[in-house]
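Chains as they are written, first to last, in my numbering: chain A, 1 to 276; chain B, 1 to 276; chain C, 1 to 276; chain D, 1 to 276.
Just so you know, the hints here were simulated from the structure itself, not pulled from any lab data. Just to be clear, a hint being listed does not mean it is correct.
So the derived label-pair ranges between C-beta atoms look like this [said to hold, decoys possible]:
#1 R109/C - D26/D: 51 to 59 Å
#2 E113/D - V251/C: 50 to 58 Å
#3 G169/C - D264/A: 50 to 58 Å
#4 V251/A - T7/D: 36 to 44 Å
#5 T28/A - D136/B: 33 to 41 Å
Quick caveat: nothing in here was measured; it's all calculated off a predicted structure. Just so it is clear, CB atoms sit at the ideal spot from N, CA and C, and this is done for glycine as well.
Chain by chain, the residues run as shown.
Protein chains: 4
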Amino acid sequence: MNQYIKTLVDQGKLDIVLQKNRWKFDQTPYIISGPCSVESEEMIVDWAVKLRDLGVTALRGGAFKPCTYPVKKAIGNWKEGLREDGLKFLISAREESGLPIVSEIMDARQINELSMDAIDVIQVGTRNFQNYSLLDELGKLDKVILLKRGTWGTIDEILGAVERILVGGNSKVAICLRGVVGMPSYRHVFPSTRWAPDLMMIPALKELCEIPIIYDPSHATGYSNFVAPISKAAMALGADGLTIESHPDPVNSISDPDQAVSIDTLGSILKDIYER
Amino acid sequence: MNQYIKTLVDQGKLDIVLQKNRWKFDQTPYIISGPCSVESEEMIVDWAVKLRDLGVTALRGGAFKPCTYPVKKAIGNWKEGLREDGLKFLISAREESGLPIVSEIMDARQINELSMDAIDVIQVGTRNFQNYSLLDELGKLDKVILLKRGTWGTIDEILGAVERILVGGNSKVAICLRGVVGMPSYRHVFPSTRWAPDLMMIPALKELCEIPIIYDPSHATGYSNFVAPISKAAMALGADGLTIESHPDPVNSISDPDQAVSIDTLGSILKDIYER
Amino acid sequence: MNQYIKTLVDQGKLDIVLQKNRWKFDQTPYIISGPCSVESEEMIVDWAVKLRDLGVTALRGGAFKPCTYPVKKAIGNWKEGLREDGLKFLISAREESGLPIVSEIMDARQINELSMDAIDVIQVGTRNFQNYSLLDELGKLDKVILLKRGTWGTIDEILGAVERILVGGNSKVAICLRGVVGMPSYRHVFPSTRWAPDLMMIPALKELCEIPIIYDPSHATGYSNFVAPISKAAMALGADGLTIESHPDPVNSISDPDQAVSIDTLGSILKDIYER
Amino acid sequence: MNQYIKTLVDQGKLDIVLQKNRWKFDQTPYIISGPCSVESEEMIVDWAVKLRDLGVTALRGGAFKPCTYPVKKAIGNWKEGLREDGLKFLISAREESGLPIVSEIMDARQINELSMDAIDVIQVGTRNFQNYSLLDELGKLDKVILLKRGTWGTIDEILGAVERILVGGNSKVAICLRGVVGMPSYRHVFPSTRWAPDLMMIPALKELCEIPIIYDPSHATGYSNFVAPISKAAMALGADGLTIESHPDPVNSISDPDQAVSIDTLGSILKDIYER
């Protein structure tokens, strides 16, 4: 065992995360895709069917969609998400496509009958990576939790956050790695890039524990041209799956237009992964 | 006005934070000090009186104390803080010393009669820097909010989080800057350092807005020997105040023993600041 | 063309690097391997033959071997390299194995008959990435130059350094990407890691220019366990080749014992790459 | 002694740099100022006299001026510096003003009668921070060496480069700290900022050794508005002096127009430092 991790175990800080034979996704690679945000019932249902036909494993779509700056004017019914309506549309999308639903919960108070009905895999967003009140509640559920790394979660912080959910009794936890801060020099050349992919975290975590890892190439780069090569690299590094932002019309996406990929790009990424 | 900020204003994303003549601390420099965590009633009351006599402006002390790894065994009554008891002891400390109380709230559900009675300045901790459910609730209060920067809050994220509180109607917001990730090379030489102070953020924010800035030299460095020089530097850069972790017996502090300063070090920092 | 690059071209700062149909390696993937440092004639000759039999394209081995701290006592004949003797042993290794030789020149004064005879591909080391006096001299030669990125070369600095060699008239330039500074949090867990791989630079440069890219997984990570997965990732991202530190007995390597891989690991990396 | 440094000493890697009672500047604070580049004889002579009258200790001015992208067309006689002419004009400036001259040498081959006559303090530029061939030659001289930190020199690399000069027998070495890479998020808001000041390196080095430290606020920030506050902070942190880029007409400076300060700003910085 790694010497540093051994010390943490000896101090009683970290042990559950390190037990063997733990929960795995029933299917790998586990490929999640969908738009950043649910934009309408028709849009999400149609897209879900197209993604299923392409070989995607699960549908992602944000019903609650936090933004860096507060959204002051609604775009139609959309204001940092379609919220409850978004959840209802996700249920429709699952019914039509058969795909399980991955979506974000931002607050313990959002855990209710509707959200638990709509969501199969609860995503903890980057901003709530260490929202311990939320993690404590998720530890009490019998649902898969996809814990997204904060924009600079350290190794300690990642393991500590996973341990916190496991302590509550829920063993169905996967880590979602994404881009982090700390890398200069790209943004003035490629304006939509804001993060460093930090792909090395995949073999690093694989050496320390057996928690499944989903890699998010879209929020690793912020730039759609980099999504395909980074996806292949993440799989080559041992990721158990990917979550890729896709959109029927990327340029007109409500959020992150430079980041989502088209159906064609997604298709070629999947082809490359399944044919390896 | 800065060109980038002007674009954000034109897009309707950022305007409240930029209005002039807004709230200020009634006293500057505003020097906050105290232990990371309230350890007992006697400890916090005695320490508050000593700090007041030294010229400190406000007492900090954590009643709720989140740790990187979940604390599984209580140390006496302490388990990630003394919680409700901690709040009661802070009330005693205020009564004895006359100092206002700065303490953290981690969750909207912790806003209740006891906490609102005990806390004069509500601290949003690093981990909850972008916990929007919490920020939304704090925006409805008539209390000073000390918003701590995440371990890598970008300029956008800092301004966006402040705007979010202001949108709710609460104008009493100060930013607490602290260390961030992204700097290698210190930790193997000085093991308790974990962050980069990023002092340049002080003049950067001062050029963009008039929100008061409190600088935290303790969580900027993680190493008590660096606290005095970094404190002086922060004041030279235009900070409105400091929050310095201090402890009657730093080495035996429950949390962060390498980081807290003694009464003597704190005294010499204050002397330097007040005599300038 | 990328908007930022267009501006540089319009300013006359960058144009040669962007011309099409330029020099390529005659064989891809171009796989370079060998020890950090030539340790003896027998060692390097034997190792060269083994590498050739494994399918390696070129032999690397340092005759001049700069260290972070000055080496004050020679280890046998070795003092920051075997120097002239090292060059002679590399000639023997080429004769026995048929592999072309990749080795470092640190100073314009080291360009002489012996070094030009011994070295087929001149490596510019990380520390001399922007040693313009050296780059100017290399621009006058008719030899392949492998320009290693500084431990934080920005995109601008990489393109500027390549342009500087090309301006001199030598078009045979390849970029060697390696790890950079700016990523915390690994070293206290994996002590030999010192850098961040920054794999995203591969697709970034590929979008901007057609200069061949060799990726160095050994100096990207500093840790032999990460060399295989990072190698595969670099190839998946579009690198034209790799340079992998290998050693007959890694643990007893004169320099970087935690970083070199064994013949078995190298074999499995090559198998994976050639079979894709 | 710091535990990590002790290990390096025990390994024989680092000892000279740690010996006590070593060379100091004969005057502190040692304030160096002048333009990035010598632009004409008249300009540098006039400016030197003005700086002397303001209380500056030494004149800086680049005769050899490396740029990120190679300069292909001369601006008048200027092509990456006025070179030999620049050195002659610096001699005139010293004669008129009485100020000692700080200027850069990029290559061992530039050490000649003219340069040794013109330059009192030899600056090693950022790009040559680990150009060991150059450092080895400087170690043989009896001149003050101002060793500029690379844009990411680690603690080890800084100490190792100083040790390398000292090993040669020249004890007159000062470290010039400047900005480093690794900090995102400023450049899109303040376009001329390219580095992180990393001011914490001042107390870090002061805890490890007694080598004098000159701080460069201009190349720490890249933005003239930040130069005054960062200068004050560097002095508050214990720097032995500063090197500040100043220009008679900053906006029309040949290089770095957003970075140089005017005579008025420089005057107010000096006033603040001398009055403390």
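Quick rundown of the hints versus the structure:
no. : hint                        : verdict
1   : R109/C - D26/D: 51 to 59 Å  : 35 Å, violated
2   : E113/D - V251/C: 50 to 58 Å : 51 Å, holds
3   : G169/C - D264/A: 50 to 58 Å : 43 Å, violated
4   : V251/A - T7/D: 36 to 44 Å   : 56 Å, violated
5   : T28/A - D136/B: 33 to 41 Å  : 38 Å, holds
Hint check: violations occur at hints 1, 3 and 4; the rest are consistent with the structure.
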